[in-house]
Amino acid sequence: MAIWDLSFKVMPGQIKSMIGPNGAGKTTLFNIITGIFPPTGGTVRFKGKMITGEKPHRIAKRGISRTFQTVELFGNMTVLENVMVGSHAKTRMGLLRSGLRLPGVKKEERCILEKALKRLNMVGLGHKGNEHASDLPLGEQKLIEVARALATDPELILLDEPAAGLNETEMIRMAEIIRKIREQGVTVLLVEHHMDLVMGISDEITVLNYGMKIAEGTPEEIKKDQKVIDAYLGEETEYD
Amino acid sequence: MGKENSKPLAILIICLGIFPIFVRSDYYLSIMIFIGINSIIVMGLSLLMGYAGQISLGHAAFFGIGAYCSGVLTVKFGFSVLSAFLSGILLSGVMAMAVAVPTLRLKGHYLAVATLGFGEIIYIVFNEFLDITGGPSGLSGIPYIDFWGYAFKEGIRYFCLVWGIAILLFIFALNVIHSRVGRALRAIHGSDVAAAAMGVNVSWFKVQVFALSAIYASVAGSLYAHFVTFISPPTFGLFVSILLLMMVVVGGGGSLWGALLGAGIVTILPEYLRPFKDFDVLVYGIILMVILLFMPEGLLKGLTVLLKWIRGKIASRQTVIGQGA
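Protein sequences, first through last, are from chains G and A. The numbering used here puts the first sequence at residues 1 to 240. The numbering used here puts the second sequence at residues 1001 to 1325.
One thing to keep in mind: the hints can contain errors.
Taking lysine-lysine pairs in the DSSO-like style, the calculated list, with each CA pair at most 27 angstroms apart, reads [claimed, not checked]:
#: 1; chain 1: G; residue 1: Lys-61; chain 2: A; residue 2: Lys-1007
#: 2; chain 1: G; residue 1: Lys-128; chain 2: A; residue 2: Lys-1003
#: 3; chain 1: A; residue 1: Lys-1007; chain 2: G; residue 2: Lys-107
#: 4; chain 1: A; residue 1: Lys-1107; chain 2: G; residue 2: Lys-106
#: 5; chain 1: G; residue 1: Lys-128; chain 2: G; residue 2: Lys-55
Restraint-style ranges between C-beta atoms, simulated for each label pair [as the list claims (entries may be wrong)]:
#: 6; chain 1: G; residue 1: Glu-176; chain 2: A; residue 2: His-1109; range: 42 to 48 angstroms
#: 7; chain 1: A; residue 1: Asp-1146; chain 2: G; residue 2: Leu-100; range: 47 to 53 angstroms
#: 8; chain 1: G; residue 1: Leu-100; chain 2: A; residue 2: Ser-1140; range: 48 to 54 angstroms
#: 9; chain 1: G; residue 1: Arg-92; chain 2: A; residue 2: Val-1305; range: 37 to 43 angstroms
#: 10; chain 1: G; residue 1: Arg-58; chain 2: A; residue 2: Val-1305; range: 55 to 61 angstroms
Keep in mind that the hints were calculated from the coordinates and are not lab data. Think of the CB as a built atom: it goes at the ideal place given N, C-alpha and C, for glycine as much as any other residue.
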């Protein structure tokens, strides 16, 4: 069992980080929230509604979006098309209407395109729209994933190790973007190993170990927490 | 439908328009009609295989459902051509959903196996329900299509009917590809986990595409029935299902244009193999194998690459000559 006993809340407008040694259950948690598999016990609630065990596409429609630990871009599509797929959750034109190319379809397409360009520009990749997504370096691919997740117009965005594999400059850029996301009123829940990033941008940090919450608080409190320091002994972590 | 498709499409329509003016022989017109009918099926299959990433090993069954619905309902129950046609489409769509909904939820190639079984079941139905379908002896006397006295009997009129419908269905398919739905399908192909996370209902989309491909096949079946006026079960069996797959693969699995090319080649080829008498099937198989060995992505991609290579060679030769002078 990946998670033993975990309860926590994310408040709207927060940037909340989950940290913990490898195997502490962080990605499992994300997969449960986003419906990839249901929990064996316990519930997930969003804006007062029970969403435990709902399918991933329904959860996306509710306003929860995510990025992936190992980049899951659509390698067979361009950068712009990748971000445009993000709009899928909130758009409606189906098979029949698209095939007949009814007037509503053209209008919706234009909106989707505009929104995608806006999100791409927000992460600074507006000029690379027509490139093949798989051709870009990792750092930029991670940004595209963020742009794509934002195109769903989420209220809550789950970032799964957004800094993994990034160099110093790229990490600073990512931190900037996460702050921008919060400025736009989106709540951020992130899972990360890079302590610099976590300490720098989080409002609140939850620490997991062996599937259980061992500490929760502001970055200052967590830095001083003995249980956290103990948990990280013998673990290779980038600590400031 | 994508700007890059308008020109080739216009050229295709012009060529098709010119064809019956210069070619008057019923024989060649028939071949083109059969190519048109096959193209319709293969367009649908290409959407299924190229975009939904699924294989149908029993697609001839939907072709047959269209043909037998049109045939049986008009001959035995006095339906009008149009209502029989619509019934075929409805039945095909419903049966496609019945097959796809339970199987597409599962991860793995369950749909492929299910279509194999489905194809066999339908074939048995065509063979065994003697009273309705005429069984192995087939069903004859299927009426010609008649719109208030304007009969689409054979030759030029049927050519225009079939290709008119084929072009419309082609445009429909192109529109689907260049839309939110097309992107969703390609996204599923790229990463179905990420697609779902972006709100794409993966199994439902796969079901829809499967049903659409079944409907395309049914339309082709109805057109076939009213052209040949006699149908029998072997035309809708496993061998034909595999032949249809070959058309998609030989032409170029992922593209609609490839589908047209594949349908054309595979339909025409047997006609040129008559000199080989009993060895025609053997030569047929060898040719298809060779094509796939040298152009595994299909003829369309293979020929485009070849063309580019030739152009490159010509260009470099010109620069050499230019430098020489």
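Status of the hints after comparison with the structure:
The hinted pair formed by G/Lys-61 and A/Lys-1007 fails the criterion: a straight-line CA distance of about 38 angstroms is larger than 27 angstroms. Between G/Lys-128 and A/Lys-1003 the alpha-carbon distance is near 21 angstroms, which keeps this suggested pair within the 27 angstroms criterion. With a CA separation close to 24 angstroms, the supplied pair A/Lys-1007 and G/Lys-107 stays within the 27 angstroms bound. Between A/Lys-1107 and G/Lys-106, the direct Cα distance comes to roughly 34 angstroms. Violation of the 27 angstroms bound is thereby established for this hinted pair.
A hinted pair counts as satisfied when its Cα atoms are at most 27 angstroms apart, and G/Lys-128 with G/Lys-55 does not qualify at roughly 32 angstroms. Hint check: G/Glu-176 to A/His-1109, Cβ distance near 45 angstroms, so the stated range 42 to 48 angstroms holds. Taking the beta carbon of each, A/Asp-1146 and G/Leu-100 are about 27 angstroms apart, not inside 47 to 53 angstroms as hinted. At roughly 37 angstroms, the beta carbons of G/Leu-100 and A/Ser-1140 sit outside the given window of 48 to 54 angstroms.
Roughly 39 angstroms separates the CB atoms of G/Arg-92 and A/Val-1305, a value that falls within the hinted 37 to 43 angstroms. The beta-carbon spacing between G/Arg-58 and A/Val-1305, approximately 43 angstroms, falls outside the hinted interval of 55 to 61 angstroms.
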